[in-house]
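2 protein chains.
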Amino acid sequence: MRIADEDITSAARIRDAAVRCFARAGFDASLRTIADEAGVSLGLIRHHFGSKEGLRAACDERVLWLMDDLGRTKAQSPSPIDAAFAAMADRPELEPAVLYLMRGLAAGGQFSAAVVDQMTASLEEYLEKGVADGSIRPSGDNRARARYLVLSGVGGMLLHFMQSGDWSERAWRDFSALSTRPSLELYTQGLLATSDFLDAYTALSSDGVEGGDA
Amino acid sequence: MRIADEDITSAARIRDAAVRCFARAGFDASLRTIADEAGVSLGLIRHHFGSKEGLRAACDERVLWLMDDLGRTKAQSPSPIDAAFAAMADRPELEPAVLYLMRGLAAGGQFSAAVVDQMTASLEEYLEKGVADGSIRPSGDNRARARYLVLSGVGGMLLHFMQSGDWSERAWRDFSALSTRPSLELYTQGLLATSDFLDAYTALSSDGVEGGDA
DNA sequence: CGCGACGCTATACAAACGTATAGTCTCTTA
DNA sequence: TAAGAGACTATACGTTTGTATAGCGTCGCG
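Chains as they are written, first to last, in our numbering: chain V, 7 to 220; chain B, 7 to 220.
One or more hints might be untrue.
To be verified - Taking lysine to any residue pairs in the SDA-like style, the calculated list, with each CA pair at most 20 Å apart, reads: (1) B:Lys135 / V:Thr200; (2) B:Lys58 / B:Gly115; (3) V:Lys58 / V:Gly32; (4) B:Lys135 / V:Ala18; (5) B:Lys135 / V:Leu198; (6) B:Lys135 / V:Lys58; (7) B:Lys58 / B:Ala113; (8) V:Lys135 / B:Ala199; (9) V:Lys135 / V:Ala119; (10) V:Lys135 / B:Phe203; (11) V:Lys58 / V:Ala18; (12) B:Lys58 / B:Arg68; (13) B:Lys58 / V:Asp34.
These aren't lab readings, by the way, just hints derived from the structure by calculation.
Work the whole structure out from these sequences, hints included.
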C-alpha cells in the first residue's frame, strides 16, 4: 500500500486518532481504543511513541502547533479560547484539537501551565495596548490582571464543561450564551458601587508602591 | 475493644478516611488505600457502603453537611469557598472536607452542579441586598450575573489548583494572594473605559426587554 | 444453652490497563 | 540475490482495580 491508503503516515494517523480519543473521553482513554480508532495494532503505538506518555507529548505538540497556526491566521482576540472555538465554524476539522486543548487545561500539569502562560502573555499585551489608546482602564499590576482574567475566564468555562459533562462545541456555545452579558456588564461597569474595598486593600498593602487610579 | 478505641463507629471512621484520601489524591484513590487509612479491611467498606459509588455518596453527604454547618456558624460571605478556607484557620479538622469539596467541584457531575447552584443562590441573594442598599451596581440579569461570578471565581481557583498540583490550603492562599487585588480592581472599576461593547450587545439582543443601567 | 444477626476479615475473581517480546512481512541496499 | 532495517501484528505478562464470596468471632435474645 506504500503511502497511498491515507496520504499521511501511520504515526500521524495514530497521533490524530489519539487527539480525537483524548478530546472525546479525556486522558483516561485507553491505548486500545486509540489503536482501533487509528486502525492499527496496539503494538504499533508503542513502536512509534514508546509509551502513553510519549504519545501524549506528541499530541500536546501537535495541538499547540495547530493552535499556534490558527493564532497566526486569525485575528488576535482577547480570549484565544473563544477565538479557537469561533474558528471551528470555518474549520470543523479543528474541533478535536480545540477540545483536546480544553482537556489538557483541565488535566493541569505542564501543558496546562504553558497554555495559560501563553494566553496570559497575549492578553497582557492586548490590555497594554488598550490602556495606551484609552479603551482599557489602567491597572496597578497589568500582568497580575491579565493572569487573573485568563484564570477566571478559562476556569469558568472548564467548570461549565465538567459540570455539563458535554465536551463539545455545544458546551462552549452554551457557556458563551450564559456568560457574555454578565461578563460585558462586569467589564463595563464593575460590580461595586464604591471603591471602599479596593481603597482599604490598597491601604492595607505594605506601602504605596503602586499608584492609585480613577 | 467495644467502642472505646476511637469513639466513633467504624462506618464513620471509613467515611472520614475516605474524605481524607479523596481530598489528598482525588477520586482515583483506591478502596484499599482508604481501608488502610481507616485501619479496616477492604471487605468492610463494601459491607457498609455497598460500592465505591456508595461510599462516595456518603462522603458527598457528609461534606455537604459540614459545609452547611459551617455556613450556619460563620457569617455569610459573597464567596462561600473563601469562607470555608478561612474557617480552616480556626478549625483545621475541616481541611479534608474543604479540599474534598474542591475535588468534587473539579470532578463535575451532580455534586459539582449542586454546590455551584447553592453558591449561586447564596451570591444572588447577597448581590440583591447590595443592590437594594446601593453598595452593588444593578444588573440586567442578577441571577445570570451571580452564576457567572461563581463559575469564574470557583473555576479560576480550580484551575490554579490543578495547575499547581497542590491541593492544600497553601494553594488557596497562593491563589488568594494572586487574585485579590485584580478582582477588587475589576469589581471596582471594571475593565473597559467605555460602554460601547455592552451597548452594542444590548442593542444586538432581540428586544429591550431588560432595562439598561447606570 | 442455642442460635441468629452483625461486624469484620481473608481470599478469590474477572476485567482493564500499560508494557514487553517475539515474530512476520516488505521494502532498501550492497 | 542476500542481508538488514523498519513497519507492523499477535500474544502474553504483571499489576491494579472494583467486586464477590466464604467464613470467623461476638453479642443479644428466646
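task: Taking the numbered hints from earlier one at a time, note which ones the structure violates and give those numbers from smallest to largest.
output: 4, 6 and 9
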